[in-house]
Amino acid sequence: MKIILSLSLLLIGLFLSAQNYADRIPFLDGDKWGYADNNGDVVIEAEYDQAFPFCEGAAKVMKNGFFGLIDKNGAIMVPVTLEGMGEWREGMIDFSKGKKYGFYDTRGNRIVSAQYL
1 MKIILSLSLL LIGLFLSAQN YADRIPFLDG DKWGYADNNG DVVIEAEYDQ AFPFCEGAAK
61 VMKNGFFGLI DKNGAIMVPV TLEGMGEWRE GMIDFSKGKK YGFYDTRGNR IVSAQYL
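Going left to right, the sequence shown walks through residues 1 to 117 as the working numbering numbers them.
To be clear, the hints were calculated from the coordinates, so they are not data collected in a lab.
Treat the hints with care, as some may be off.
List time: in silico DSSO-like cross-link candidates among lysine-lysine, alpha-carbon distance up to 30 angstroms [said to hold, decoys possible]:
#	residue 1	residue 2
1	63	99
2	32	100
3	63	100
4	97	32
5	63	32
6	99	32
7	100	72
8	72	32
9	97	63
10	72	97
Label-pair ranges, simulated between beta-carbon atoms [claimed, not checked]:
#	residue 1	residue 2	range
11	43	64	21 to 27 angstroms
12	39	98	39 to 45 angstroms
13	79	41	25 to 31 angstroms
14	42	110	42 to 48 angstroms
15	110	37	27 to 33 angstroms
16	37	113	32 to 38 angstroms
17	53	109	29 to 35 angstroms
18	84	109	15 to 21 angstroms
19	112	50	22 to 28 angstroms
Heads up, the beta-carbon is just placed ideally off N, CA and C, and yes, glycines get one too.
Work the whole structure out from these sequences, hints included.
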């Protein structure tokens with residue numbers, strides 16, 4: 001019982017601290033994802049098959065099986081045409097196109113073109 005209580009308090013603390021830093025929160029409407037602000041107001045309409053948390057102003061989204069990046073207003077930073085996209089690490093995210101890999105930064109700048117296998 002003590003373990004369950006401790007884990008519950010830990011999860012609540014993590015959730016609350018994450019909410020303090022996130023000003024765009026993914027939400028599900030039917031089978032599509034969008035983003036709301038901390039007040040629950042929709043700021044980016046639900047149009048994506050998957051929506052991921054923002055990292056320094058950019059978020060990975062998926063639509064029709066392809067990935068891209070959007071900014072906090074929903075503007076496309078990287079077109080949703082990439083076959084794969086990894087996780088944010090040190091302000092960069094890896095992507096795949098064909099069988100090659102590269103990197104984008106949080107401003108949507110391509111740091112390394114898709115050239116590595």
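These are the hints, each one checked on the structure:
Between the alpha carbons of residue 63 and residue 99 the distance comes to roughly 20 angstroms, so the proposed pair stays at or under 30 angstroms and holds. Straight-line distance between C-alpha atoms of residue 32 and residue 100 comes to about 29 angstroms, which keeps the hinted pair within the 30 angstroms bound. Restraint check: the Cα-Cα separation between residue 63 and residue 100 comes to about 20 angstroms, which is no more than 30 angstroms; the hinted pair holds. About 24 angstroms separates the Cα atoms of residue 97 and residue 32, which keeps this hinted pair within 30 angstroms; it holds.
Only pairs whose Cα atoms come within 30 angstroms are accepted, and residue 63 paired with residue 32 is accepted, the gap being roughly 9 angstroms. Taken as a hint, the residue 99 and residue 32 pair is honoured in the structure, with Cα atoms around 28 angstroms apart against an allowance of 30 angstroms. Distance restraint check for residue 100 and residue 72: the Cα-Cα separation of roughly 28 angstroms lies within the 30 angstroms cut-off, and the hinted pair is therefore satisfied. Between residue 72 and residue 32 the CA atoms are separated by roughly 18 angstroms; this keeps the pair inside 30 angstroms, and the hint holds.
Among the hinted pairs, residue 97 with residue 63 is consistent with the structure: their alpha-carbon atoms are about 15 angstroms apart, no more than 30 angstroms. Annotation: proposed proximity of residue 72 to residue 97 holds, straight-line Cα distance about 24 angstroms (limit 30 angstroms). Restraint check, residue 43 to residue 64: a C-beta distance of roughly 22 angstroms satisfies the suggested window 21 to 27 angstroms. For residue 39 and residue 98, the Cβ-Cβ distance of about 42 angstroms falls inside the hinted range of 39 to 45 angstroms, so the restraint holds.
Range check, residue 79 to residue 41: Cβ separation about 27 angstroms, and the 25 to 31 angstroms hint holds. The beta-carbon spacing between residue 42 and residue 110, approximately 30 angstroms, falls outside the hinted interval of 42 to 48 angstroms. A beta carbon spacing of about 29 angstroms between residue 110 and residue 37 agrees with the range 27 to 33 angstroms that was offered as a hint. Residue 37 and residue 113 have their C-beta atoms about 35 angstroms apart, which keeps the hinted 32 to 38 angstroms range intact.
Separation of residue 53 from residue 109 is about 20 angstroms and departs from the stated range, judged on CB atoms against 29 to 35 angstroms. Checked against the hint of 15 to 21 angstroms, the pair residue 84 and residue 109 passes, with Cβ atoms roughly 19 angstroms apart. Residue 112 and residue 50 have their C-beta atoms about 24 angstroms apart, which keeps the hinted 22 to 28 angstroms range intact.
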